[in-house]
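**Q** Could you build all of it, start to finish, from the sequences and the hints given here?
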Amino acid sequence: MTYEKQPLDAFEAVDEAERAPAGQPEVDRDRAAKAQSAELNALAVEARAPEQAADGSPGDGEAGALDLDALRATVEALLDSAPLGAAARKRRKRYGVSLDFAPGAAGLYDADGNALVLDARCDPALLAVDYVCEIDRARRHHEGRTAHASEMQRADYVDARLLEAAEGALLMIEAAEAFAAADVRPPLAVEYRAAYAAARAAGDDPAQARAAGRARVVQGFRGGEVCAGNTGESLPAYFGAWWDRVHAD
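Going by the numbering used here, the sequence shown opens with residue 10, and the numbers climb by one from there.
Just so you know, not all the hints are guaranteed correct.
Stated by the list, open to error - Beta-carbon label-pair distances, calculated as ranges:
no.	residue 1	residue 2	range
1	Pro215	Asp89	20 to 30 Å
2	Gln217	Gly241	32 to 42 Å
3	Ala216	Pro112	38 to 48 Å
4	Ala246	Asp76	41 to 51 Å
5	Ala211	Ala246	30 to 40 Å
What the hints contain is simulated information worked out from the structure, not anything from laboratory work. In this text the structure is predicted, and so the values were computed from the model without any measurement. Where is the CB? At the ideal position from N, CA and C, for every residue including glycine.
**A** What follows is the structure, encoded as structure tokens:
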């Protein structure tokens, strides 16, 4: 069976050391990342921002003044309403990640400063999803659980990166459902729900059905059903090309 490739447009591949040279994909969207190792080590979740005017200012529907304290309280209350959100809040405190809100912020975890600044223009449900996914990136960073091309064989590195990407997509799927964030469209979300529904119809309990959905997402990432949003390559090819680049010298 063949599947249509889905762009990984909810993620950006992050190069923690340098911008790609001429002719290579642009992968350095996390401006604050300055790690010593020159390798791709994270998939960052990007919240969808509201419409903006051509000059980058908020659109006509944007409130003139943002009450950031009220926004923070709303997002935190939303996080506390779901187990994965409450767990993310505990992880942020455990790892000492600072949190702030600002209009137009990138919404990405900055490993260099151990900080997360969320875009204050976004809907609270989107911010809650972004919070959960970015704090998970912080957890992987602090626990040293990211794959490194310079330290691994090619096949092992590619598979580890695919599993990281699949876990990121799964977390986004679960967070989007928990916070009713309809505008978040993770890759393979439809396939996840179809596998879940099929498992439930076959008599599996919710935990078994979730496992079936997760297995389907991992299958899709490993099978090349998801492509890199910036190059159009399947993710196995994309991560393999990065390993080749790291080992070119």
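**Q** A separate judgement is required for each hint: does it hold in the structure or not?
**A** Results for each hint:
Restraint check, proline 215 to aspartate 89: a C-beta distance of roughly 22 Å satisfies the suggested window 20 to 30 Å. The hinted window of 32 to 42 Å between glutamine 217 and glycine 241 holds, with their beta carbons roughly 35 Å apart. Range check, alanine 216 to proline 112: about 41 Å between beta-carbon atoms, so the 38 to 48 Å window is met. The given range of 41 to 51 Å is respected by alanine 246 and aspartate 76, whose C-beta atoms sit roughly 46 Å from each other.
In this structure, alanine 211 and alanine 246 meet the distance hint of 30 to 40 Å, their C-beta atoms being roughly 34 Å apart.
Taken one by one, the earlier hints all hold for this structure without exception.
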